[in-house]
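4 protein chains.
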Amino acid sequence: MQCTTLRILKTSTLPLLPPALPMRFQITCELDYTATAPVIFLLNIRPKINSHQMLTDEKFTLVPQMPHVQHTDPVTGNRFDQITAQLPGVYHIRYQVIVETSALKLSMSEIPDMPLGEFELDVLALLYPSRYCQSDRLGNLAAKLFGEFETPLKQVQAIVKWISSHIDYVSGSTTSTTSSEDTLVERQGVCRDFAHLGIALCRALNIPARYFTGYAHELNPPDFHACFETWVGGRWLLWDATGLSSPDAVVHIGTGRDAADVSVCTSFGYLQLDRQTVICQALDPDYRKLSEEELQQVCISHS
Amino acid sequence: MQCTTLRILKTSTLPLLPPALPMRFQITCELDYTATAPVIFLLNIRPKINSHQMLTDEKFTLVPQMPHVQHTDPVTGNRFDQITAQLPGVYHIRYQVIVETSALKLSMSEIPDMPLGEFELDVLALLYPSRYCQSDRLGNLAAKLFGEFETPLKQVQAIVKWISSHIDYVSGSTTSTTSSEDTLVERQGVCRDFAHLGIALCRALNIPARYFTGYAHELNPPDFHACFETWVGGRWLLWDATGLSSPDAVVHIGTGRDAADVSVCTSFGYLQLDRQTVICQALDPDYRKLSEEELQQVCISHS
Amino acid sequence: MQCTTLRILKTSTLPLLPPALPMRFQITCELDYTATAPVIFLLNIRPKINSHQMLTDEKFTLVPQMPHVQHTDPVTGNRFDQITAQLPGVYHIRYQVIVETSALKLSMSEIPDMPLGEFELDVLALLYPSRYCQSDRLGNLAAKLFGEFETPLKQVQAIVKWISSHIDYVSGSTTSTTSSEDTLVERQGVCRDFAHLGIALCRALNIPARYFTGYAHELNPPDFHACFETWVGGRWLLWDATGLSSPDAVVHIGTGRDAADVSVCTSFGYLQLDRQTVICQALDPDYRKLSEEELQQVCISHS
Amino acid sequence: MQCTTLRILKTSTLPLLPPALPMRFQITCELDYTATAPVIFLLNIRPKINSHQMLTDEKFTLVPQMPHVQHTDPVTGNRFDQITAQLPGVYHIRYQVIVETSALKLSMSEIPDMPLGEFELDVLALLYPSRYCQSDRLGNLAAKLFGEFETPLKQVQAIVKWISSHIDYVSGSTTSTTSSEDTLVERQGVCRDFAHLGIALCRALNIPARYFTGYAHELNPPDFHACFETWVGGRWLLWDATGLSSPDAVVHIGTGRDAADVSVCTSFGYLQLDRQTVICQALDPDYRKLSEEELQQVCISHS
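Residue numbers (UniProt numbering), protein chains in the order written: chain A, 1 to 303; chain B, 1 to 303; chain C, 1 to 303; chain D, 1 to 303.
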């Protein structure tokens, strides 16, 4: 008999939407892979297309030129390019696109409080523990550290603040099998680890949370980025516990339970990454990152 | 930059279906819970309804009588009863149903070999590691132990056999946070752990695998059961590495990546299980479990 | 090439000893074991004999009566009774003793500061990680939480305080394989887990620390107890992060790197504990536990 | 109440010693460290001196020249050089020595069988789990895989063979926190990991086992080496599950419970290793490594 105990889930009716915040980004991504044997690989590098992300001038080049297949996952909207490399050799991918996003900038007070109420079935899976987010072990810790905050929104804010002050960002300090448990013990990691810990702590408090990869404006050093979203007040709110990006300036690529779901490249057979270039630049020359103070007052949402 | 390496995925065209094997089961499930404070809980005890499971005489009783909500997950087909217990007290649930299943009984030779070919996007998530199935750490082990078997089907058979001879079934030996890694080290567990290890090993060999809970004919001791399915030859094939049930005699309740997705009861707030009764009986008096020898020759599928 | 990085170890000359604090305890311990096959077992239930623990009226009874062997470990001073149970059956052990301890009660200011200086080789092993105290993974966490405190003594005090406010004492919440990493993640445990976490954090800050089992005055519920010692200012100072006992009122049984070294019973073959009674009572009727306030000002040492 | 269950320990009287096998080795070790702040460090690079290892022409040079302290641990015999680097800068260590070892070469039949008998207290700690050898979790696995072998000697042989066929030697595949559990799951590692797994499995079968570092004849690539010893038949027998060295051609440096105890360098403060050279050459030009076949018949002991 298996039984999972979660805490009270509070939801709410969706408030009226404030006007969206349009922004445009120029994105370039180059990847060079070497295949030593026939290999099929799936890239997840194209931004999602939805009511908050409009793509123009999209250009995907593969050298050597060859047919390849595009897929869009009907549930998540994640977009894949599937390449069948039948010959050993070097495969160059160059992807360019301009993305117009329309994130909502909500003042904290606009996020409705969440009285005990209707349960949202479609976020249920995002309350459950996943490979790198062992929320099932973190109930006590989360309750002790963040249980006193009155609303889910304040709990998430406190979690982001706690992570940012207790975990060190150290490039190369973790591997692809590092999980939120490891990060709690070792207290260091990269964007992926910060997101995993945030997700695990939110789920432990019964706040649905998911992981997404993205292109972040002027990320330094340039790379793919990873952040997380929480379902609070009837919306997905965006958070970056590393502080390296501003949530309004991240273009979404893949969304999933954790990093297991949204690898940049999933290869069926061995494939070596030789070189990677990622550039994401806001086209508004006056764009400036939200400050830490602003992020205490303002939430960003795509829904 | 995150990158996942999987091995070659082989798929195939769907073969012609042999006639299905109809069976009828009488199921009774009783659960008594005590709530000490207001609590919302979701039960996942109703069998799925699909082309292989037909339900009749379904009866769900809740005492004290009160309205409750039924949900069916549109993606998985899992069926939930959501109960809002606003008053502390004891809640009795009694559920009865007759289920007619039509499993396919396929001889191993009917499962097509899987030449390198088209990728099936909808099973992609079932190749990725999950909370209790850390396939990302098992690549070497799986390749060394099972890599030599020529086809995915033979690999799965070898995995089931290996688990059944290397892991001891010991009631009470594990907890709700035990994972496939733990089972590999401690070499004991219950049905949930056997299924998790099977799934993790299959995924590590690039064979999509998922977890399901079910009602198993004359399971001893009576309880909910857990098994796993693998996507081989264009179908979901059913496996029970514990040997306690016969895969043709398991009625499916919930399907998911692992046990995290298919708890019998997910409560938002504390809820105590006081008593549980589970009965599942094949209505054909002549039914007899498939023998170990038969299970070397025959696969069961619901798809 | 293996290399371990520790932080600066500060030691000092031994200060003059203040007069010791004599206390007398009446201890009774009864253990009933069932052997189902021949088994040799080692009990570690007798208090140590040293300049701080004087034993009188010691009485060890074994029923059925049979010869058994006493050992004292020359390095640790731990005392063992080795029993060879050649016949299956029930073995009753009854142990009684009166112990006079002479703990030192030191005001914090009497513990010398520890300027950079001579390295003490005999405590080196107590800086290294052990089975249940993975200090090698806790360097960042310990430095971030406790690095700011100026002296090793203040660091240990802060560690004890942090554990006592961040970890819940929950009987039965852990098992014999639970380690300090688990406790950091799950935030609950019993005396053994509190001691392991204290030791791991101290070692991570380069403060030698060890584990000891003992009889604690009026422990509630009555059981064997576990605490830890740190090597600070040229002495072993005693700490109980659970707050259940007063360090001046704990009679030492076994000392080791962690619980692995000081099991109450180590059996070579299967042996079942049927019943256990442990009583430890200070003979001074006026004895009162040190208060939390006092324990902020006063340290207890046996050396 | 803490209780440890071990299996039956079999010991024996010490048989008459066959004549020892004298061998001479020329060892050179160079280490360059950079200190960026004052740091004290302990090197454990000098071979032990005992009845089986005689040292001549020992020469330890430190540049810049400065006084440093030598220690020998009275219990283990491990030899340390303690260097206090008060100034930042580069520290060059050059160590040279000729070692004459007198290992015993015993045919398997000379190792006495071990009837149930007297318990050896001084090896008790080497039955307990340690940081990297979690034997407390491996009881089932060890019993299932190796329980059928009749004697401890045959069990150890089977363990060494199993490790060598189930674990891949992959340089750089593990880190300083990798343990025997990880190696069982990931099935790859370096000499340290092979030794840890061997030790853990032996202890799980109640065979005392310990770790040692050494200089191995013509190790390729040249480095410090790590192997393990088991207490069987009244002696410490030497094993190298990696097969990279021949146990008769390894000069012992440090002995401990596992790698935690015998780091080449333990620094109190941050110290960076810039360069390392290790050379160990048997001086007998005719020396040849024991073959795999010989190692099925012959055991090497230093005691």
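Heads up, some of the hints might be wrong.
[Stated by the list, open to error] Stretch by stretch, here's where chain A covers chain B in the computed footprint (C-beta under 8 Å, at least three residues): (1) 72-82; (2) 186-197; (3) 287-299.
[Unchecked claim] One side only, chain D facing chain B, incomplete, derived with CB under 8 Å: (4) LEU55; (5) THR56; (6) GLU58; (7) VAL97; (8) ARG137; (9) ASN140.
Just so you know, the hints here were simulated from the structure itself, not pulled from any lab data.
Even for Gly, the Cβ is constructed at its ideal location relative to N, Cα and C.
Cross-check of the supplied hints:
1. With a cut-off of 8 Å between beta carbons, the region 72-82 of chain B has 4 residues touching chain A; three or more are needed, and the interface restraint holds.
2. Coverage of the region 186-197 of chain B by chain A is violated. Counting CB-CB distances below 8 Å, 1 residues qualify, and the rule asks for three or more.
3. Counting residues of the region 287-299 of chain B whose beta carbon lies closer than 8 Å to any beta carbon of chain A gives 0, which falls below the threshold of three, so the coverage claim is violated.
4. Interface hint at D:LEU55: violated, since its Cβ lies 41 Å from the closest Cβ of chain B, which is beyond the 8 Å cut-off.
5. Using the Cβ-Cβ criterion of 8 Å, the hint placing D:THR56 at the interface with chain B is not satisfied: the shortest such distance is roughly 45 Å.
6. Interface hint status for D:GLU58: violated, as the beta-carbon distance to the closest one in chain B is roughly 42 Å, over 8 Å.
7. Annotation: interface hint on D:VAL97 violated; nearest CB of chain B at approximately 39 Å, more than 8 Å.
8. Because the beta carbon of D:ARG137 sits about 5 Å from the nearest beta carbon in chain B, less than 8 Å, this interface hint is met.
9. With a least beta-carbon distance of about 4 Å to chain B, the hint placing D:ASN140 at the interface is held under the 8 Å criterion.
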